[in-house]
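Undergrad: Sequence:
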Amino acid sequence: GIAYRTDFDLMNIQRVSGKSMEYTVKGTNTKFVPHVIEPSFGVERALMAVLSSAYREDEQNGEKRVYLALPEHLAPVRFAVSPLLKNKPELVEKAREVYAQLVKANPGRVMWDDNGNIGKRYRRQDEIGTPHCVVIDFQTLEDGTVTVRERDTTEQKRVNVSRLI
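Residue numbers for the sequence shown follow full-length UniProt numbering, beginning at 1 and rising by one.
Just so you know, the hints here were simulated from the structure itself, not pulled from any lab data.
Fair warning: there could be bad hints in the mix.
Below, in silico cross-link-like pairs of lysine-lysine (DSS-like), each with a Cα-Cα straight-line distance of 25 angstroms or less [stated by the list, open to error]:
1. K86 - K120
2. K94 - K157
3. K157 - K88
4. K104 - K86
5. K157 - K86
6. K64 - K120
7. K94 - K104
8. K31 - K19
9. K120 - K157
10. K157 - K64
11. K104 - K157
12. K88 - K120
13. K120 - K94
When you get a sec, could you build the whole thing from the sequences and use the hints?
TA: Rendered as structure tokens:
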């Protein structure tokens with residue numbers, strides 16, 4: 001909203017402080033105490049509008065899927081990196097390498113996620129609006145490609161790690 005405060009605030013400051021709040025117009029030497037218009041806005045409303053417009057629900061395999069379809073430049077996390085299986089040291093080691101490369105290229109916008117099975121990781125990342133989930137699997141060890149799952153379409157494709165950086 002907007003509050004039209006007239007000269008109320010400046011007149012009170014002038015009265016309490018004893019200092020003149022008058023403005024003198026050059027050329028005419030006309031003096032007046034300016035009126036104040038106080039605009040009121042905050043980031044909260046804009047952020048709520050963005051989140052509300054990005055909220056999506058759909059159904060996959062009979063289950064409701066919730067995700068934030070945030071534009072990539074607004075998503076707090078751009079990539080989530082996961083080993084397909086966290087109990088396979090070779091996958092975890094390679095995933096950590098890929099994670100480090102992505103962090104270097106995208107400071108503050110890459111997340112490590114190895115909690116739960118891969119389906120739960122995807123759902124969690126969908127809910128926070130992460131556009132790309134990068135999964136390191138056994139094929140990664142063979143040919144250097146990773147699986148990239150897109151948040152909005154849930155499509156998965158094989159991509160060389162160097163294309164992500």
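Undergrad: Check the structure against each numbered hint from earlier and tell me which ones fail, lowest number first.
TA: none
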